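**Q** Protein chains in written order, with numbering that gives the first Met the number 0: chain P, 0 to 353; chain C, 0 to 353; chain G, 0 to 325; chain D, 0 to 325.
Since the hints were made in silico from the structure, they are not lab data. Remember, predicted model here, so these are calculated numbers, not experimental data. There are no misleading hints in this set.
Subject to a maximum C-alpha distance of 25 Å in a straight line, what follows is the list of computed DSS-like cross-link-like pairs (lysine-lysine):
no. : chain 1 : residue 1 : chain 2 : residue 2
1   : D       : K196      : P       : K334
2   : D       : K32       : C       : K268
3   : P       : K334      : D       : K194
4   : C       : K264      : D       : K15
5   : D       : K14       : C       : K264
6   : P       : K20       : P       : K284
7   : P       : K178      : C       : K198
8   : G       : K253      : D       : K280
9   : G       : K123      : P       : K321
10  : G       : K196      : C       : K334
11  : G       : K280      : D       : K253
12  : G       : K196      : C       : K335
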Amino acid sequence: MWIEPNELPVNKVQYLDENGKLTNGAPEVSDDELIAMYKWMVQARVFDQRALKFQRQGRIGTYAPLSGQEAAQVGSAFALERQDWIYPSYREGAALFVHGFPMKNFFLYTMGHLKGTDAEGANVFPVQIIIGAQCLHAVGGAWAGKYQGENSVSVTYIGDGGTSEGDFHEALNFAGVYKLPMVFFVQNNQWAISVPRSKQTASGTIAQKAVAHGITGIQVDGNDVLAVYTTMKQALERARSGQPVLVEAVTYRQGPHTTADDPTKYRNKSDVDEWLAKDPLKRIKAFLLDKGIWNEELEQREFALAEQKVTEAFELAANTPKSKVEDIFEIVYEKKTSQLTEQQQSVSSEGVLK
Amino acid sequence: MWIEPNELPVNKVQYLDENGKLTNGAPEVSDDELIAMYKWMVQARVFDQRALKFQRQGRIGTYAPLSGQEAAQVGSAFALERQDWIYPSYREGAALFVHGFPMKNFFLYTMGHLKGTDAEGANVFPVQIIIGAQCLHAVGGAWAGKYQGENSVSVTYIGDGGTSEGDFHEALNFAGVYKLPMVFFVQNNQWAISVPRSKQTASGTIAQKAVAHGITGIQVDGNDVLAVYTTMKQALERARSGQPVLVEAVTYRQGPHTTADDPTKYRNKSDVDEWLAKDPLKRIKAFLLDKGIWNEELEQREFALAEQKVTEAFELAANTPKSKVEDIFEIVYEKKTSQLTEQQQSVSSEGVLK
Amino acid sequence: MTAMTMIEAINFTLKKEMERDQRVICLGEDIGKNGGVFRATDGLQAIFGEDRVVDTPIAESAIVGTAVGMAARGLRPVAEIQFFGFIYEAMDQMASQAARLRFRSGGVLGAPMVVRAPYGGGVKTPELHSDSLEGLFLHSPGLKVVMPSSPYDAKGLLTAAIRDNDPVLFLEPMKLYRAFKQEVPEEDYLIEIGKAKVVKEGEDLTVITWGQTVPLVSKVVEQWEQEQSISIEIIDLRTVSPIDEDTIIASVQKTGRAMIVHEAVKTGGPGAEISAMINEKALFHLSAPIVRVTSFDTPYPVPSVEEDWLPNADRISQGIREVLAH
Amino acid sequence: MTAMTMIEAINFTLKKEMERDQRVICLGEDIGKNGGVFRATDGLQAIFGEDRVVDTPIAESAIVGTAVGMAARGLRPVAEIQFFGFIYEAMDQMASQAARLRFRSGGVLGAPMVVRAPYGGGVKTPELHSDSLEGLFLHSPGLKVVMPSSPYDAKGLLTAAIRDNDPVLFLEPMKLYRAFKQEVPEEDYLIEIGKAKVVKEGEDLTVITWGQTVPLVSKVVEQWEQEQSISIEIIDLRTVSPIDEDTIIASVQKTGRAMIVHEAVKTGGPGAEISAMINEKALFHLSAPIVRVTSFDTPYPVPSVEEDWLPNADRISQGIREVLAH
Ligand SMILES: Cc1ncc(C[n+]2csc(CCOP(=O)(O)OP(=O)(O)O)c2C)c(N)n1
Ligand SMILES: Cc1ncc(C[n+]2csc(CCOP(=O)(O)OP(=O)(O)O)c2C)c(N)n1
Ligand SMILES: [Mg+2]
Ligand SMILES: [Mg+2]
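Extracted from the complex, chain P is given alone in its bound form (with noise of 0.2 Å):
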């Protein structure tokens, strides 16, 4: 009879709780593991800080923060394999990093450059600005995959607000019917610039939608990055027999949307605050320390090594020369066109007259 509006049951999978404290059991995660994830998380945030530092110097464009986000974010790509692609949207330059995309290249992006989309050959698609349009090319890369025989599954990104695009629907179509490897990685920060996670459906959880198309659904703890860890490789492994997943991820945008953002116009600081008691960083690092395979030595080495990378990237991409204008004619097609031609050498003529 009635389905009526949210019955289905869905628990978020979590394993470390606010404090750092196993909940449920410990999973298969090794030590090397795990250090090696906070190593990333804490690569992540020193990244965050400092570009949203460059870009109120002017030394770099708009960019979307991500702090918050890193245990979503590292803890899903630290679970891919080498030939596993990743499609992203604008807020995923931790996931990038994991799966080998140059930090540098990533401040070029920022910086206006041609070649600030360029992988050199690690597996991730140029950054989308078009909300959903990702999911489109994830389909078509994982079928792609599957027909090549790459054993490769396609992980895009999207957020809480990107799952009201039709795109996104579509794309979930694709993957049931054609059963792709393929996951749908949803980052539900419960923002999309200012409007709530509330506003932007009535379904109760993001996860449930993979229940419109027929393939498989989980939420869990986006700040804990065990839980997204296990659950990722696990949604890969499904992934790979021809069984797509949708994850929703579970976190918090603990910054404004971009640096062009005022959150203070749409949302309270009590509601910041109760997030930041949940940051993914201070519970990984908790449960480390527990473990005793962590220490504040350890953390300050970690954090001054992050802060040096930063360094090193952001130099490497400022030295870069420009891009010029007269570049951008190159690839526009393989062959330049006549029109092409004649307006690149307008160019060079410019200022005198033809």
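We have chain P; now place chains C, G and D with the ligands onto it with these hints.
**A** The following block gives chains C, G and D with the ligands in isolation, referenced to the frame of chain P:
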């Protein structure tokens, strides 16, 4: 944990089995209503057969037959109030007639006449060709109705295939967020041209797609007019109180997709035969006969009357003055642009050197 | 009269029209509590409530499609597309639905609605935010396309757009939102849609432009006129569809030379139509080929090169030299 | 050589290219078991299997977006949009994604893919099926637009399109699908994308057209030449983007008169660009205004009036009279 594909139980509402026997108690529908609905179904069947013939004779253009879907269309539309609106696709003649759309104008539509979508005061939006687009218009309509306190529900009709379009999902999502007085009435007639329902989406039912958007879903036997009518009555009641509903009516397209289609290319006779046994007219007729409120004399009289109404409507349409190209310039904007005036004038001077 | 920036004029106009007519409803992404990413709708939700200033989910096709449905049932929706580059998502609802509802209903229904969107380059937005795509809509019968170049025009044109009984695409030049203030009457006034404005008269050359290149062209022309004994007529199209043919033709018949400046890419753009129109109606008045100074035929490039890609002062000067060389 | 209709030539080409290159995959609505609503892909699924000839759900954005994703990862997808009027649904994936992937990736990735679609009027389809929207894509840098007018051209151009390393929109004139047969070589041959064909030489007037108006123009021109002592050059553009400027300019420099015939609506259409281009490069060769014979600036109308709305023989004749009147 894992929301496995299609684990949500969906129970199809049915009152009459294939032989017109009650399976589930009798719903509260008066004899008059039963007979009225059956008469509309007869009218629809006759209209459909005659339209097919007119098309074969070259007297109308492409036509999308509805035979097999009479219960779904009549049962749903019969439940509407006058102030409710229908946002149809292209196969809903029966629903439209029930809601007051003049049959004559439907013929005009098939004749390619500019006035073929004129509802002459009935609350029926123009037939929509772009699959999914009508769902969004219904959202806007429902919104306007709510805003203006009309107490009216907007009902949009779409096919199983249409549920793959992004627009369909965007509409469901909006309806859920704004609690709009809307019913999405999906006629799942098993085919989208040549693509069977099973290849259209991996979801076990269409009804469960409501779950993605936090709204109510329900599946009903679309060949059982009692079930459709009763369910739709309840759905409309919910909708009127701000709870949008997705109704999936499980039915079958007995004929070709359109008069331009050859279904033997893609489906078996056995499939068709199986569904012919479930014919919606046969079923309700058996029930009425059983109840003693119908007989063969009434049956013959009704079919003759229906034939006569079709003939009259067709003749009226055929005798309507044809659209002229000059007319079209008047309905692009409220006021013609100078370009349109110039172009309109060039028509009248056609063949003459300007 | 108050001195207003363009964004203030737009905000003020929306407020006025919402006060005047209950049927006017604003909808779009982040337009409510946040007041729009550019603050065009700032404060409106506080005044008119969540029912009339509506934050929508992220779904452009739904935003425009919902507006079509509202308009057909008696409201006068003003939908915002956050950046014009995202209009592609709503293309069917724009070009097949809003544009054609009057036509498809045999003249019975209509879609009196406005779709507002910030457009244009030079403000270093991330990619896909800055495209000038008005040419696509010029080629979509049933729509009107309005592109103001000043606070005063923005108010008069937006008022006219909201009261128009046909769907109007209202494109707001991002770069001019806060570029300068102008005296804007608080009282009701309309600027007729479909009529161009002769910004300044001239004898030797007609320059046709609209939206955010108007102040730029004016500056370059001023310089030319100071340095050379030449007189240039500037036409601000104001409305890109329908184009005001009469004003353009009359001017070119007088000056004998025409140049078009726009931020849209060159090939297949609005400049092509204007050139073709002049060719049709005033060919024998031309003493030089018509010059188009536009963006290049590439995707909108990354911020670091956009200034060289757009029709900047140098390229406009170069165009003037060219058209005068004959 | 075999005599083929255009639809047979397209079917044959797809088969050949799929045999030749494993990476070629066809996807679209009803293209598999049903062989396409026009039978363009008839029999292909039986030969190549469901993996390579794929029936998709009804979702145009997904069809094109999936093709982009496939192409970027090494396949060469050929996507079908069932009728070109439905391309609006896929507009972002066409104009922002497929068209810009090379650009957006700094030249690292590419989208070697074809989007095929039947287009054009005169066959009494229901509304929204018959629009000629090539102008929108002419204004979308990064795409190529190819529009054949004969079975022979269809094969050579489709082969070139599939082997091209950039995204190609391949528009098939519905009305010509079965209009006539022509000898088509079974062997491999390519027709270069971006090059127009001079269908017949002439001295007094250049008529530029493409796709399904080519045979119509040829017929009208033949009559004129029989009845009057006049010689008309006909250019079949074959590729609408990029436009073959050289061929057009050379011809107009010779004839001094130009007329453009297309089914797209007039304002902002491809005819505008061609006219502007001629104005830019050959103004002083013109002895008459350029005439555009096109569909009117209204939505594509209902079937009962479409013949009067399209550029029919009468209107083309009228256009010739007009351009010769000067
Ligand atoms: C198609 C499209 N519409 C609108 C935007 C503008 N926009 C950029 S980010 C954003 C909010 C996205 O929210 P969400 O998907 O939750 O991701 P988050 O920013 O929270 O990571 C919007 C509306 C866009 N980039 N693309
Ligand atoms: C946007 C769009 N894409 C494709 C089509 C072509 N088309 C017309 S009907 C149809 C099948 C629709 O199937 P379904 O939604 O199940 O409705 P039914 O025809 O079975 O009533 C298709 C693909 C269209 N009209 N609009
Ligand atoms: Mg978010
Ligand atoms: Mg169906």
